[in-house]
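J.: Given only the sequences and the hints, what does the whole structure look like? Please build it.
Spelled out, the chains give:
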Amino acid sequence: MTKTIYVGCGAGFANDRPDAARSLALDLATRQGPRYLMFELLAERTLAETQMRRLADADTGYALRLFDFLDPVLDLCLDAGIPIITNGGAANPRAAARRLRKQLASGRHSTAKIACVLGDDLLEQGQTQWAPQPSDGRETVSINVYVGADGIVDALNEGADIVLCGRVSDPSLAVGAIRHGLGWAADDWDKMAIATATGHLLECCTQVTGGYFAHPGRKDVPNPANPGCPIAEISADGSVVIGKTEESGGCVTVRTVREQLLYEVHDPAAYLTPDVIMDLSAVTAQAVGPDRVAISGVRGHPRPDTLKGLVGLRGLWFGEGEISYAGPGALARAQLARDILRERFAQLAPDVSPWIDLSGVASVFNDHQGQYLDRQLSSAIALDDVRVRVGLLHADRDLINILLQDLESLYTNGPAGGGGVRRHISEALGTQDFRLPREAVPTTVEWF
Amino acid sequence: MSTPILLADYAHARAGDKGNTLSIAVFPFDDDHYAWLCRELTTERVRAQFAHRNPSTIQRYEVPGLKALNFVLEDTLEGGVNRSAGLDRHGKSLSYLLLAIELPKP
Chain A
1 MTKTIYVGCG
11 AGFANDRPDA
21 ARSLALDLAT
31 RQGPRYLMFE
41 LLAERTLAET
51 QMRRLADADT
61 GYALRLFDFL
71 DPVLDLCLDA
81 GIPIITNGGA
91 ANPRAAARRL
101 RKQLASGRHS
111 TAKIACVLGD
121 DLLEQGQTQW
131 APQPSDGRET
141 VSINVYVGAD
151 GIVDALNEGA
161 DIVLCGRVSD
171 PSLAVGAIRH
181 GLGWAADDWD
191 KMAIATATGH
201 LLECCTQVTG
211 GYFAHPGRKD
221 VPNPANPGCP
231 IAEISADGSV
241 VIGKTEESGG
251 CVTVRTVREQ
261 LLYEVHDPAA
271 YLTPDVIMDL
281 SAVTAQAVGP
291 DRVAISGVRG
301 HPRPDTLKGL
311 VGLRGLWFGE
321 GEISYAGPGA
331 LARAQLARDI
341 LRERFAQLAP
351 DVSPWIDLSG
361 VASVFNDHQG
371 QYLDRQLSSA
381 IALDDVRVRV
391 GLLHADRDLI
401 NILLQDLESL
411 YTNGPAGGGG
421 VRRHISEALG
431 TQDFRLPREA
441 VPTTVEWF
Chain B
1 MSTPILLADY
11 AHARAGDKGN
21 TLSIAVFPFD
31 DDHYAWLCRE
41 LTTERVRAQF
51 AHRNPSTIQR
61 YEVPGLKALN
71 FVLEDTLEGG
81 VNRSAGLDRH
91 GKSLSYLLLA
101 IELPKP
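Chains as they are written, first to last, in full-length UniProt numbering: chain A, 1 to 448; chain B, 1 to 106.
Think of the hints as simulated: they come from the structure by calculation, not from any bench.
Hints are supplied without guarantee of correctness; some may be wrong.
What the hints assert, rightly or not - Taking lysine-lysine pairs in the DSBU-like style, the calculated list, with each CA pair at most 30 angstroms apart, reads:
| no. | chain 1 | residue 1 | chain 2 | residue 2 |
| --- | --- | --- | --- | --- |
| 1 | A | LYS113 | A | LYS3 |
| 2 | B | LYS92 | B | LYS18 |
| 3 | B | LYS18 | A | LYS102 |
| 4 | B | LYS105 | A | LYS3 |
| 5 | B | LYS92 | B | LYS105 |
| 6 | A | LYS102 | A | LYS113 |
| 7 | A | LYS219 | B | LYS105 |
| 8 | A | LYS308 | B | LYS105 |
| 9 | B | LYS18 | A | LYS219 |
Claimed, not checked - Just so you have them, the derived chain B footprint on chain A, three or more residues with Cβ under 8 angstroms:
| no. | stretch |
| --- | --- |
| 10 | 214 to 225 |
| 11 | 255 to 268 |
| 12 | 277 to 287 |
| 13 | 365 to 373 |
| 14 | 384 to 393 |
Claimed, not checked - From chain A, some residues computed to sit far from chain B (all C-beta separations above 10 angstroms):
| no. | residue |
| --- | --- |
| 15 | ASN15 |
| 16 | GLU44 |
| 17 | ILE82 |
| 18 | ALA112 |
| 19 | ASP154 |
| 20 | GLY183 |
Glycine included, every Cβ here is placed at the ideal spot set by N, Cα and C.
T.: Right, dumping it as structure tokens:
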């Protein structure tokens, strides 16, 4: 009989829901064969943010909510022999490992094996020569490289119960599990591409099970408040079926799988990862049962000689301020507020270019120049609830604050009946990518 | 000419971002409409819809196995999540700007 393994994903980003993974772990525990649970907790800017926390306190720097995800499933997975694999170690996997070690010390799993996959953090290693200098006066706060599955495979082969990684690429979390479970060779490119496609489908968690999908009347999703976490079944012959937690909400359909297969993909024939160049140009998705979809036709090409690195940058501030106008003449008063703000901002800070939306007319589709908004205004019907939103990005926090205070002063200086001012300023962390030779980034496994 | 249709009534889509690059994959609800989609949803039509975002290049990829068109629009996110002062800095909602395109009926 063909060997089949199971990989479930309990989180698709740092602020995902921590409560869904518990039923996923319970489901996995009932299945036979090798099973793995992955948590994907990093986005492009998370490393910069976590690195800044680490600089302030050496015991932090892992994903802020890592333990919100781990705690509900830890005993369950350790009891059932389900390894947990996550990139939630973020900027400081060792600190996460130390906390986990301490937490487990008093319980029945005090001998659980905790592995850290290290090597992605070039700043820590002083290997800063590979990274580009920020071109615009911003300051480098992190330099990390997207590494592949090798370190995870090593850790699992040596019996890791929990694998804490930093900037391992998202699909590699699954690739590591699959290579370990099925013994696939790292240079079997078609197999690596199948594993990567599986990881790609899992890595955004419920985005493949009916999350980020519902459109009433056109794409309805059952029990949309509680979409279940995805579970991939991967067999030694290369077949893959995507399903989800038993008795959960959401759905797995050909449509959800198609949308997620191409999510954030550019050239479908050449999706670059550290493990393989994935070729989706001949991929198909087919329903094989209720909430079960098989994918086939994924091909692979030799992995790139270079890896992608990411510089985290600070030095910019992002401010937003809003005020609403409702009732008769709302749109005319909101438009007048926009005109007043433009004039005031030009007086106070001529080098700052504000982004201004009129929510209700144009906001998320708008552009910095407001061309889209102007086009919509030329045909706008009478709206009776319009919110003026200003977005500001600048290196000088105080200047942004002055402009947002000026927006608030519309209370006494602006058009009649404005209300509901809100304003806030936050640091705008940025990133810049680069490539470097694969050989420059060896990964290692450390045990805790 | 017959009344144009709204793409959202015939297709679904999901948008993704990497830096300042927007990608949108679009799929007909009915697989039999794929040839129609390939014929009508041209790069030029998409360029016109996103003109206010000044994309520097637009690539269109056909993925017949998934009945999909994948559009990649460079320099379209006003700096993206790193650099945009807009409300939707990822451009996640822009799948529906694409779906707001009007096309001749299949």
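J.: Between the stretch 365 to 373 of chain A and chain B, see if three or more residues pass the 8 angstroms beta-carbon test, and mark the coverage as holds or violated.
T.: holds (count 7)
J.: Does the alpha-carbon distance linking LYS92(B) and LYS105(B) stay inside the 30 angstroms limit?
T.: holds (27 angstroms)
J.: Are LYS308(A) and LYS105(B) close enough, with their CA atoms no more than 30 angstroms apart?
T.: With a Cα-Cα distance of about 43 angstroms, the restraint between LYS308(A) and LYS105(B) is violated, given a limit of 30 angstroms.
J.: If you draw a straight line from the CA of LYS18(B) to the CA of LYS219(A), is it 30 angstroms or shorter?
T.: Holds: LYS18(B) and LYS219(A) sit about 26 angstroms apart, inside 30 angstroms.
J.: Is LYS92(B) within 30 angstroms of LYS18(B), Cα to Cα?
T.: holds (11 angstroms)
J.: Quick one, are LYS18(B) and LYS102(A) close enough, alpha carbons at most 30 angstroms?
T.: Violated, at roughly 38 angstroms.
J.: Run the C-beta distances from ILE82(A) to all of chain B and say if the shortest one exceeds 10 angstroms.
T.: holds (30 angstroms)
J.: Going straight from one Cα to the other, do LYS113(A) and LYS3(A) come out at no more than 30 angstroms?
T.: holds (26 angstroms)
J.: Verify the coverage statement for the stretch 255 to 268 of chain A against chain B, using a C-beta to C-beta distance below 8 angstroms and requiring 3 or more qualifying residues.
T.: Satisfied; 12 residues make the cut.
J.: When you look at the beta carbon of ASN15(A), is every beta carbon of chain B farther off than 10 angstroms?
T.: holds (13 angstroms)
J.: Is the hinted pair LYS219(A) and LYS105(B) satisfied, with a Cα-Cα distance of at most 30 angstroms?
T.: The given pair, whose Cα atoms are some 20 angstroms apart, holds under the 30 angstroms limit.
J.: Take a quick look at ALA112(A) and tell me if its Cβ sits farther than 10 angstroms from every Cβ on chain B, holds or violated.
T.: holds (36 angstroms)
The structure does not agree with the numbered hints 3, 4, 8, 16 stated previously, though it agrees with the rest.
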